[in-house]
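Asks: Letter by letter, the chains look like this.
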Amino acid sequence: ETGVTQTPRHLVMGMTNKKSLKCEQHLGHNAMYWYKQSAKKPLELMFVYSLEERVENNSVPSRFSPECPNSSHLFLHLHTLQPEDSALYLCASSQTRSQPQHFGDGTRLSIL
Amino acid sequence: GENVEQHPSTLSVQEGDSAVIKCTYSDSASNYFPWYKQELGKGPQLIIDIRSNVGEKKDQRIAVTLNKTAKHFSLHITETQPEDSAVYFCAASPRGGNTPLVFGKGTRLSVIA
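Residue numbers (the working numbering), protein chains in the order written: chain A, 1 to 112; chain B, 113 to 225.
With the rest of the complex left out, here is chain B (with noise of 0.2 Å):
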């Protein structure tokens, strides 16, 4: 089945930097990548998502990549702010739609004021 691998677990960076992550998967046919924002106490809320028939997708301080040939993609958060401390999850959609989600383990932002 499919395998999502995160990385680092744990980001710190200095307010105003870039922060990157990223994940790899093993299942070709995974053709959509949702990226979650989960805070403390919250459920994960979806802030970006990219289907395999793009390669990037851009909105505001938040980009993601996807590499289907290499299958890694990557969330990029420029201009980084104290809020946007959390924990990231990526996901993928294993054998392509109608398929439940398989996460990544998670990783741990501090922006750092």
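Looking at chain A on its own, in the form it has when it is part of the complex (with noise of 0.2 Å):
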């Protein structure tokens, strides 16, 4: 139990669908993180909020949408992704953004 707790675990979508990945964390941290794990690739930053604003965007394509209510939630919204997003996508949280990210286990997601 890493106190990052991310849903669903897998998703199948197909590129004209909406979906949202969701983020919860139980640790009482003000920074929440968006990665994407490709194979055999770094993991890639794609978004970052702390205190509930965002604070830095990676160039992240607009289909990809962040929304973060408050500092326990994270979501990723999703809209005519492409094959190319199919990807792990991990959520994490730090107590500040110079202290110890903690991950969640991620969503394994799919584009048909």
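Derived from the structure by calculation, the hints contain no laboratory data.
Just so you know, nobody snuck in bad clues.
In silico lysine to any residue, SDA-like type, Cα no more than 25 Å apart, as pairs:
id, chain 1, residue 1, chain 2, residue 2
1, B, K154, A, A39
2, A, K41, A, H102
3, B, K180, B, S140
4, B, K217, A, S98
5, B, K170, A, T2
6, A, K40, B, I224
7, B, K180, B, G167
8, A, K40, A, P8
9, A, K41, B, I159
10, B, K217, A, P42
11, B, K154, A, E24
12, A, K19, A, E56
13, A, K40, A, S110
14, B, K154, A, S71
15, B, K154, A, T7
Stretch by stretch, here's where chain B covers chain A in the computed footprint (C-beta under 8 Å, at least three residues):
id, segment
16, 43-54
17, 86-98
Positions of the beta carbon are idealized from the N, C-alpha and C atoms, including for glycine.
Two chains, two separate frames, one set of hints: put the complex together.
Replies: Listed below in structure tokens is the structure:
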């Protein structure tokens, strides 16, 4: 139990579908992150939220839309994705942006 | 920006032997270096970290060393066990604190019983 829970664990969707990934942290942390993990590539940071405010967006396509309604919850809204978006999407949290990050177990996303 | 190189990409060792994974970084201002272990079907888990004001840190069978002059840091696992088999990632925090981590590509460690 890492204290960071991601749902769903697996998701298969067509390119025209709209879905959302959810992340919840029970650690009282103030920063939350979305990462993309593809085979044989480094972890790619997508978004960073600190105290519910987006502080970094690493040039992610607009078909990915994050939402952070409070410090415990983070969403990633997906629409009109491409096959190359198939990957493991990881959520992480930390007390502050300079503190160690704690990861969830990810959502395995497959785009048909 | 920061660039982190990790070697080797795969490593096989006999149970009981030691394993060493090495990383280099490019930004001399980086001052925080964590190591993560990712088991199959799980997210990365922090196993040890080191800050630039120390050269070595140890936690039971795991140790990390840092050479700031050469800009490299290493993970050492002694007396390896089958449950150490996983993918290990190094990371560096560029421009010192309050900035997101930059990760290496990972090392798949296999411990053969």
